[in-house]
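**Student:** Below, each chain spelled out in residue letters.
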Amino acid sequence: MKTMRQFTIAAAALIALSGTGAASARPLNVVATTPDLAALAREIGGDAVVVAALAKPTEDPHFVDAKPSHIVTLHRADVLIEGGAELEIGWLPPLLESARNAKIAPGAPGRIVTSQGIRMLEVPSTLDRSRGDVHALGNPHFLIDPLNVKVIVGEIAEHFAEVDPASAGLFKANLKRFDASLDAKTAEWQKQLEPYRGAKIVTYHNDFVYLAERFNLEVVATLEPKPGISPSPAHLAKVIEQMKAEKARVILVQPYQNRKTAEAVARQTGAVVVDSAQQPGAYKDTATYFQMMDHLVQGLAKALKEKT
Amino acid sequence: MDPHFKGFSNIVLKLNSEGETGIELEELYFLTTSLPWNLQLKGGQFFTEFGRQNPQHPHAWSFVDQPLVLNSMFGPDGLRSQGARVSWLAPTSWYTEAMVSVFNSAGGTAFSFRSPESSEIHGGAPVERGVRTFRDMLVVPRIATSFDLNTTQTLVLGTSAAFGPNSSGARAKTQVYGADLYWKWKSTTADRGFPFFSSQTEVLFRRYGAATRVSVADSTATLFDETLSDRGVYSQLLWGIKPLWVAGLRGDYVRGGPAGFDSPLRADRYRLSPNVTCYLSEFSKLRLQYNYDHRKGLGADHSVWLQFEFLLGAHAAHKF
Chain A
641 MKTMRQFTIA
651 AAALIALSGT
661 GAASARPLNV
671 VATTPDLAAL
681 AREIGGDAVV
691 VAALAKPTED
701 PHFVDAKPSH
711 IVTLHRADVL
721 IEGGAELEIG
731 WLPPLLESAR
741 NAKIAPGAPG
751 RIVTSQGIRM
761 LEVPSTLDRS
771 RGDVHALGNP
781 HFLIDPLNVK
791 VIVGEIAEHF
801 AEVDPASAGL
811 FKANLKRFDA
821 SLDAKTAEWQ
831 KQLEPYRGAK
841 IVTYHNDFVY
851 LAERFNLEVV
861 ATLEPKPGIS
871 PSPAHLAKVI
881 EQMKAEKARV
891 ILVQPYQNRK
901 TAEAVARQTG
911 AVVVDSAQQP
921 GAYKDTATYF
931 QMMDHLVQGL
941 AKALKEKT
Chain B
141 MDPHFKGFSN
151 IVLKLNSEGE
161 TGIELEELYF
171 LTTSLPWNLQ
181 LKGGQFFTEF
191 GRQNPQHPHA
201 WSFVDQPLVL
211 NSMFGPDGLR
221 SQGARVSWLA
231 PTSWYTEAMV
241 SVFNSAGGTA
251 FSFRSPESSE
261 IHGGAPVERG
271 VRTFRDMLVV
281 PRIATSFDLN
291 TTQTLVLGTS
301 AAFGPNSSGA
311 RAKTQVYGAD
321 LYWKWKSTTA
331 DRGFPFFSSQ
341 TEVLFRRYGA
351 ATRVSVADST
361 ATLFDETLSD
371 RGVYSQLLWG
381 IKPLWVAGLR
391 GDYVRGGPAG
401 FDSPLRADRY
411 RLSPNVTCYL
421 SEFSKLRLQY
431 NYDHRKGLGA
441 DHSVWLQFEF
451 LLGAHAAHKF
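Protein sequence lines, in the order shown, are assigned to chains A and B.
If you count the first sequence from 1, you need to add 640 to reach the working numbering.
If you count the second sequence from 1, you need to add 140 to reach the working numbering.
Any given hint could be a false lead.
[Said to hold, decoys possible] Pairwise CB distance ranges, derived in the manner of DEER restraints:
1. B:Leu168 - A:Ala692: 31 to 41 Å
2. A:Glu853 - B:Pro216: 29 to 39 Å
3. A:Pro734 - B:Leu426: 19 to 29 Å
4. A:Pro734 - B:Gly270: 31 to 41 Å
5. A:Glu853 - B:Glu449: 37 to 47 Å
6. A:Pro734 - B:Ala319: 21 to 31 Å
7. A:Pro764 - B:Thr292: 27 to 37 Å
8. A:Pro734 - B:Leu179: 10 to 20 Å
9. B:Leu179 - A:Glu802: 25 to 35 Å
10. A:Lys924 - B:Leu179: 42 to 52 Å
Honestly, the hints are just simulated from the structure, not real lab data.
Glycine included, C-beta positions come from ideal geometry on N, C-alpha and C.
The shape of chain A in the complex, shown without the other chains:
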């Protein structure tokens, strides 16, 4: 009888222990499709989360390999944060099919589709593939607008709190702190780019429209004739003419885009090529969202100063 009672007490203690332990001892496994979303998750989650990104900061996020190791990563995820708007359409669906994880199923608190809360730009009024690989839900490169980031971090904090209520206070505090820094940094970036209001820029892919809209710049041409289609000599000749006529002398390229093509165009137009990764971690000391944006805005401001 005595042993029975001892056993019951021990079992009760064990249950109590595991009960409290489950809520906060194990950090949430958060998986983000891209490094920018991962960086934001780290800001909000702090020590209560462990974050992994599937895409590398230097590779084209439209074309990530659906490697089997990603299946394991997604299988163990408590939360999945994706860009949505078809950014990951070529590789995420088969991974999720194999991951068999109900916690990150569509509509679950563990699934965050960030584009859903964003006012998307360039939503096509008609769908026509003769215009290249146009995203039906709009341009998915929206994280370089800090105001979009503000919406997204709010969503992330909400979902995190729902999945791990014990850490809700921490997420709320982190969100408040991040929001305040974001406001201050946004004002700083605006000030840095204000002298170049209306400046004309050229990009490789159509991936800087949100930055242009927020900071009053104008993307006059892209080196790709259509999204996802390689630059052709005929199209580049047209772009060169246009750049000369419109006095556009800054070309933005991401690490995975063909810098040589951009340099060739720059030589003929007196323009400068600016390394402009949109993913934290693509360059040294750019691991956070603020560092990445600082690098982007400073590089752009310097080029615009030189060339206007």
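On the provided structure of chain A, position chain B as indicated by the hints.
**Tutor:** Chain B alone, transformed into the frame defined by chain A:
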């Protein structure tokens, strides 16, 4: 479909050489999304998960034609049938998946099994045999594992088998075994997935238990029971040079053991196929391929293939 199942279908609209239109239900299946213990159930008609290439749709192939060894063991349309598959994702830190499929063993797409076209393999008139017990089903186990060697290189290893009845006799059986290896390197600054290198190799071995049977060519002749042993291998290298150009080289080799019937399908054969593919966009491609094809007794054939393919509808997503 609903919170517990996902549905998939691939319906092929075909035009044959006589200009007739045909519709083929290539695949139609469901997949569970929330089974416990890391399990997943798939049911319907689908490409059997045997090796690497057999489950791939022809539009995902890297060459115009399929490897000789798959053609000789699974027929021109690949191994696919109606059935169910249970798969288990191992709770390991690296990817390991074990699965077993149970299929209807009859039909043209179960070539080495209860196929009406199996006389091409054994030379005898196929017998009608029904399904009485579980042993009349086609059973396909597979285990696959994968490692990231570093941030740019990934390796996938797999081994598969297929066991089932064949139509050479009332109790005749076939066994097919296979091993596959895939390696890929992709640049850390990949633009639309380029540049990359990949290598894919599959080895297959078949034991076809042919029963005593009446010859198709001469109905007065009897072919005695025997085990037909076949083996084959192919290896292909792909080099993604720059967006969107891929150069490929494939080597094929098949060898059939001795038999009472001289099947052209089981003759020793090797083939070398260099090709180059230009992906005009994610929805169309143009491919030029040369085949040096040598068959024992028939000599060498040279052929040049030009393939154009386009995709209508949704954006394709590909498995690794």
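**Student:** A separate judgement is required for each hint: does it hold in the structure or not?
**Tutor:** Outcome of the hint check:
1. B:Leu168 - A:Ala692: 31 to 41 Å: Once the Cβ atoms are compared, 35 Å apart, the range 31 to 41 Å for Ala692 (chain A) and Leu168 (chain B) holds.
2. A:Glu853 - B:Pro216: 29 to 39 Å: About 54 Å separates the Cβ atoms of Glu853 (chain A) and Pro216 (chain B), which means 29 to 39 Å is violated.
3. A:Pro734 - B:Leu426: 19 to 29 Å: 25 Å, holds
4. A:Pro734 - B:Gly270: 31 to 41 Å: Given about 37 Å between the Cβ atoms, the range holds.
5. A:Glu853 - B:Glu449: 37 to 47 Å: 38 Å, holds
6. A:Pro734 - B:Ala319: 21 to 31 Å: 23 Å, holds
7. A:Pro764 - B:Thr292: 27 to 37 Å: Given a distance of about 35 Å, which is inside 27 to 37 Å, the answer is holds.
8. A:Pro734 - B:Leu179: 10 to 20 Å: 18 Å, holds
9. B:Leu179 - A:Glu802: 25 to 35 Å: Given range 25 to 35 Å: holds, Cβ gap about 27 Å.
10. A:Lys924 - B:Leu179: 42 to 52 Å: 45 Å, holds
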